[in-house]
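**Student:** Top line first, the protein sequences correspond to chains A and B. Count along the first sequence from 1, add 4, and you get the number used in the numbering used here. Read in the numbering used here, the second sequence has 53 at position 65, and its numbers run on one by one without any break.
Wrong hints could be hidden among the right ones.
What the hints assert, rightly or not - Cross-link-like lysine-lysine pairs, in silico, DSBU-like; alpha carbons within 30 Å at most:
1) A:LYS46 / A:LYS107
2) A:LYS107 / B:LYS1
3) B:LYS45 / A:LYS46
4) A:LYS6 / A:LYS71
5) A:LYS46 / A:LYS6
6) A:LYS60 / A:LYS6
7) B:LYS1 / A:LYS46
8) A:LYS60 / A:LYS46
9) A:LYS107 / A:LYS71
10) A:LYS6 / B:LYS45
11) A:LYS107 / B:LYS45
12) B:LYS1 / B:LYS45
13) A:LYS71 / A:LYS60
14) A:LYS71 / B:LYS45
15) A:LYS6 / A:LYS107
16) A:LYS107 / A:LYS60
Claimed, not checked - So the derived label-pair ranges between C-beta atoms look like this:
17) B:ASN59 / A:GLU61: 33 to 43 Å
18) B:ARG51 / A:GLY20: 41 to 51 Å
19) B:GLY46 / A:TYR43: 23 to 33 Å
As the list claims (entries may be wrong) - Reference excerpt, derived from the structure (chain A facing chain B, CB under 8 Å, subset only):
20) SER47
21) LEU50
22) SER53
23) LEU92
24) GLY100
25) THR101
26) ALA102
27) ILE104
28) PHE105
29) GLY108
Quick caveat, the hints were computed from the structure, so don't treat them as lab data. Note that the structure is a prediction, hence the values are computed from the model and not measured. Beta carbons are placed, not taken as given, at the ideal position from N, Cα and C, and that holds for glycine.
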Amino acid sequence: QKEVEQNSGPLSVPEGAIASLNCTYSDRGSQSFFWYRQYSGKSPELIMSIYSNGDKEDGRFTAQLNKASQYVSLLIRDSQPSDSATYLCAVNMGAGTALIFGKGTTLSVSS
Amino acid sequence: KAGVTQTPRYLIKTRGQQVTLSCSPISGHRSVSWYQQTPGQGLQFLFEYFSETQRNKGNFPGRFSGRQFSNSRSEMNVSTLELGDSALYLCASSAGGASLHEQYFGPGTRLTVT
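Between the sequences and the hints, there should be enough to build the whole structure, so can you do that?
**Tutor:** Now the structure itself:
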């Protein structure tokens, strides 16, 4: 059974702090990794994709991938109240574009 | 470029009925995937269509089916609805190439089965 695990949270950080979200996956052969943000009542929005080991930065977001440890993380620098949402980790584990999602981590940023 | 569109946005159906949901992908995208989201199970993959062919299927009963048309638009059908089918159904489109797995979601269809 292919699985993606995330801490459900809630993760609470003050405004301006760094939020660190973590995800582990079961299939060592996975090649593509994604972070989605989902606001309450809305659909998931793609915020980061990462395909190779190391860090990938986009604005305030940094995705980190360690395939040996089967671990992917998302750092949000200078967290803002508008970052309060559920963050979903998704992994492509086979042919085609089918994604396996974690249950999500709820982030709360207080002003 | 317009995003993924889904119709209808909300549906209320009775147990035993059937329902058809529609999805129009981003222009140029050839892959359409369907997901079910519930509070208990999270986001679960239903199936994926690429160039009118089902390329992947998740672990859902045969009551759930889909198809894709030559213009890449897709429909999914759920027959003999059960209370447990109440969920947000999300469609996602992707360019669909070997290394282009980024998926973009539509707003979803909220299905309530009574």
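**Student:** Which of the listed hints are not met by the structure?
**Tutor:** none
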